[in-house]
Amino acid sequence: EADIYQTPRYLVIGTGKKITLECSQTMGHDKMYWYQQDPGMELHLIHYSYGVNSTEKGDLSSESTVSRIRTEHFPLTLESARPSHTSQYLCATRQGLNEAFFGQGTRLTVV
Amino acid sequence: AQKVTQAQTEISVVEKEDVTLDCVYETRDTTYYLFWYKQPPSGELVFLIRRNSFDEQNEISGRYSWNFQKSTSSFNFTITASQVVDSAVYFCALGTSYDKVIFGPGTSLSVIP
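Chains A and B, in that order, give the protein sequences.
Numbering of the first sequence is given in the numbering used here, commencing with residue 1 and proceeding in unit increments.
Numbering of the second sequence is given in the numbering used here, commencing with residue 1 and proceeding in unit increments.
One or more hints might be untrue.
Here are some chain A residues pointing at chain B (derived, C-beta under 8 Å) [as the list claims (entries may be wrong)]:
no., residue
1, 5
2, 48
3, 105
Computed footprint of chain A on chain B, listed as stretches where at least three residues anywhere in the stretch have a Cβ under 8 Å from a Cβ of chain A [as the list claims (entries may be wrong)]:
no., segment
4, 39 to 52
5, 100 to 108
These aren't lab readings, by the way, just hints derived from the structure by calculation.
From the three backbone atoms N, C-alpha and C, an ideal C-beta is built for every residue, glycine too.
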C-alpha cells in the first residue's frame, strides 16, 4: 500500500492569494493524479503525470498548474485563488495499471 | 470514449438487508481494469477491489461480492446483511491503457439501523 501525504489538510485563504497544495509519496509509484471533488460528489481528474517531467491536463479544465520534478512530489499551484476554487483536492498514486491509492485530501476554502 | 455510469444516486436500506450497487462502463480498450472505492463521511477514499478485463470470475470477500459481466459491461457490487458502518459513497472506476482512472458519479448508501 502506498503512503501518500497531502498538506495542508485544511486551508482557508483569501481571494487573490497564491497557494500550493503539496502531495508526496514514499512508494516510488510512477503515476500521480490530482482530482477535484465537492463533498460526496463526483471526482474530476484535473491533472496527471506518468513520471518525472511529464504532466498532462485531465478531463476537467482547471486554472491550477502542476509540476513533477521528482518522483515523490506532485505539487498543485493556484496563482490567484478565487471562491470558485473552493473544493476538496485529492492526490493519488498508481503503479502500472494497478489500483490508485489516495491521500487524505486538502479541503480548500477561498473567502 | 471512456465512461463510468452509476445510475443509482442514493440508496437507503434497513440494516441487515442486502443491497446491490450498479456500475456500467464504456471503453474501446481490450485491456482495462475496474475498481470499487468506498468514501465514508470522513472523506478518504478506500480501495475495495480490482478486476482486470480478462478475469470474469466473481469475487466474494466477507459480506462483499462483485459480479463482472463483460457482455453487459457491468461490474456490480453487492453488500450482504448491510451494517450501519457500510454507509458511505461508493465509486466505481475504470483504468484504461491511457493510464487515466475515470470515476463514476458515485452512489450514496445509507444503512438505517
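Here is how each hint holds up against the structure:
| no. | hint | result |
| --- | --- | --- |
| 1 | 5 | violated (13 Å) |
| 2 | 48 | holds (7 Å) |
| 3 | 105 | holds (6 Å) |
| 4 | 39 to 52 | holds (count 7) |
| 5 | 100 to 108 | holds (count 8) |
Of the numbered hints stated above, the single one contradicted by the structure is hint 1.
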